[in-house]
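Engineer: Below, each chain spelled out in residue letters.
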Amino acid sequence: MARIAGVDLPNKAVKIALTYIYGIGRCSAVEICEKTKIDPDTSINTLSSDDLAVLRKVIEEEYKVEGRLRTEVALNIKRLMDIGCYRGLRHRKGLPVNGQRTKTNARTRKGKKKTVASKKK
Amino acid sequence: MARSIKKGPFIEKKLYKRIQESLKTNQKQMIKTYSRSSTIIPEMVGFTISVYNGKTWIPVYITENLVGHKLGEFSPTRIFRGHASDKKVG
Numbered sequence: 001m002a003r004i005a006g007v008d009l010p011n012k013a014v015k016i017a018l019t020y021i022y023g024i025g026r027c028s029a030v031e032i033c034e035k036t037k038i039d040p041d042t043s044i045n046t047l048s049s050d051d052l053a054v055l056r057k058v059i060e061e062e063y064k065v066e067g068r069l070r071t072e073v074a075l076n077i078k079r080l081m082d083i084g085c086y087r088g089l090r091h092r093k094g095l096p097v098n099g100q101r102t103k104t105n106a107r108t109r110k111g112k113k114k115t116v117a118s119k120k121k
Numbered sequence: 001m002a003r004s005i006k007k008g009p010f011i012e013k014k015l016y017k018r019i020q021e022s023l024k025t026n027q028k029q030m031i032k033t034y035s036r037s038s039t040i041i042p043e044m045v046g047f048t049i050s051v052y053n054g055k056t057w058i059p060v061y062i063t064e065n066l067v068g069h070k071l072g073e074f075s076p077t078r079i080f081r082g083h084a085s086d087k088k089v090g
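Quick note, the sequences are listed as chains W and E, same order. First residue of the first sequence? That's 1 in full-length UniProt numbering, and the numbers climb one at a time after it. First residue of the second sequence? That's 1 in full-length UniProt numbering, and the numbers climb one at a time after it.
Simulated from the structure, these hints should not be mistaken for laboratory data. For glycine and all other residues, C-beta sits at the position ideal for the given N, C-alpha and C. You may find that some hints are simply not true.
List time: in silico SDA-like cross-link candidates among lysine to any residue, alpha-carbon distance up to 25 Å [unchecked claim]:
id : chain 1 : residue 1 : chain 2 : residue 2
1  : W       : LYS78     : E       : ALA84
2  : E       : LYS7      : W       : LYS78
3  : E       : LYS70     : W       : LYS113
4  : E       : LYS32     : W       : LEU75
5  : E       : LYS6      : W       : GLY84
6  : W       : LYS113    : E       : ALA84
7  : W       : LYS103    : E       : ARG78
8  : W       : LYS93     : E       : GLY72
9  : W       : LYS110    : W       : LEU75
10 : W       : LYS93     : E       : THR56
11 : W       : LYS103    : E       : GLY68
Computed spacing ranges between beta-carbons, pair by pair [unchecked claim]:
id : chain 1 : residue 1 : chain 2 : residue 2 : range
12 : W       : LEU95     : E       : GLY8      : 30 to 38 Å
13 : E       : PHE10     : W       : LYS64     : 42 to 50 Å
14 : W       : PRO96     : E       : ILE41     : 24 to 32 Å
15 : W       : ASN11     : E       : THR39     : 47 to 55 Å
16 : W       : ARG56     : E       : SER22     : 54 to 62 Å
17 : W       : VAL97     : E       : PHE10     : 43 to 51 Å
18 : W       : CYS27     : E       : LYS24     : 48 to 56 Å
19 : E       : GLN27     : W       : GLY111    : 33 to 41 Å
20 : E       : ILE5      : W       : GLY99     : 20 to 28 Å
21 : E       : TYR16     : W       : LYS112    : 45 to 53 Å
22 : E       : TYR34     : W       : LYS12     : 52 to 60 Å
23 : E       : THR48     : W       : PRO96     : 54 to 62 Å
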């Protein structure tokens, strides 16, 4: 099993397997294949250790992935919260940030439904 | 180049004038404004600008970090005081 950037890659086509790394999607996976001149459709287990080394190098040098990317995102959110702007307040409250409706839906941000008992007569 | 970048940051003329004037006289007194959509520019750092939220003016002290945001982002227009049922429990 190949390990890149601290993630175990499944035995799939390179362009798919690379997307298991946080920060690499389909688009940048194909880009990486072009840069390393590896056929995006070969499966991971057939790659030589040299190929893997090249992949590692390109990802290491040119992409922000996994931990570093996560801290960057977290810092960006923290900055918004610290300056007390509207987006920061929304993050603090765990509500949608980009102006979506909250009368209904918004369950991704608000989490599972908390049912409130209706008033008794 | 995106059209919005070409046009430059928006800032209300009146507010810009007020800031330039008070920079000249070196007095950074409170400036009241209705212009929530004005971008915060580096010249404003150090000012306290009171931004209208539809009811009152909320004083916003401008620091380096706020540059590039809009004034309205720091003057919330809604107050959420919680639901009635929450009060009973608490």
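Engineer: Now tell me, hint by hint, if it's right for this structure.
Structural biologist: Status of each hint after checking the structure:
Taken as a hint, the W/LYS78 and E/ALA84 pair is broken in the structure, with Cα atoms around 31 Å apart against an allowance of 25 Å. Restraint check for E/LYS7 and W/LYS78: not satisfied, since their Cα atoms lie roughly 30 Å apart, outside the 25 Å limit. Straight-line distance between C-alpha atoms of E/LYS70 and W/LYS113 comes to about 34 Å, which puts the hinted pair past the 25 Å bound. Distance hint between E/LYS32 and W/LEU75 is unfulfilled; the C-alpha atoms sit about 32 Å from each other, more than 25 Å.
For the given pair, E/LYS6 sits about 29 Å from W/GLY84 by alpha-carbon distance, which is inconsistent with the 25 Å threshold. Annotation: proposed proximity of W/LYS113 to E/ALA84 holds, straight-line Cα distance about 18 Å (limit 25 Å). Restraint check for W/LYS103 and E/ARG78: satisfied, since their Cα atoms lie roughly 15 Å apart, inside the 25 Å limit. About 19 Å separates the Cα atoms of W/LYS93 and E/GLY72, which keeps this hinted pair within 25 Å; it holds.
Of the supplied pair hints, the one linking W/LYS110 and W/LEU75 holds, its CA atoms being roughly 21 Å apart against a limit of 25 Å. At most 25 Å may separate the alpha-carbon atoms for a hinted pair to count; W/LYS93 and E/THR56 meet this at roughly 23 Å. The hinted pair formed by W/LYS103 and E/GLY68 fails the criterion: a straight-line CA distance of about 31 Å is larger than 25 Å. For W/LEU95 and E/GLY8, the Cβ-Cβ distance of about 32 Å falls inside the hinted range of 30 to 38 Å, so the restraint holds.
At about 32 Å, the beta-carbon gap between E/PHE10 and W/LYS64 misses the expected band of 42 to 50 Å. Look at W/PRO96 against E/ILE41: about 29 Å separates their beta carbons, and that is inside 24 to 32 Å. The hinted window of 47 to 55 Å between W/ASN11 and E/THR39 holds, with their beta carbons roughly 51 Å apart. Checked against the hint of 54 to 62 Å, the pair W/ARG56 and E/SER22 passes, with Cβ atoms roughly 56 Å apart.
About 22 Å separates the C-beta atoms of W/VAL97 and E/PHE10, a value inconsistent with the hinted range of 43 to 51 Å. The beta-carbon spacing between W/CYS27 and E/LYS24, approximately 51 Å, falls within the hinted interval of 48 to 56 Å. Separation of E/GLN27 from W/GLY111 is about 49 Å and departs from the stated range, judged on CB atoms against 33 to 41 Å. Range check, E/ILE5 to W/GLY99: about 22 Å between beta-carbon atoms, so the 20 to 28 Å window is met.
A hinted range of 45 to 53 Å holds for the C-beta pair E/TYR16 and W/LYS112, which are about 48 Å apart. Look at E/TYR34 against W/LYS12: about 57 Å separates their beta carbons, and that is inside 52 to 60 Å. Judged by the Cβ atoms, the range 54 to 62 Å given for E/THR48 and W/PRO96 is violated: they are separated by roughly 31 Å.
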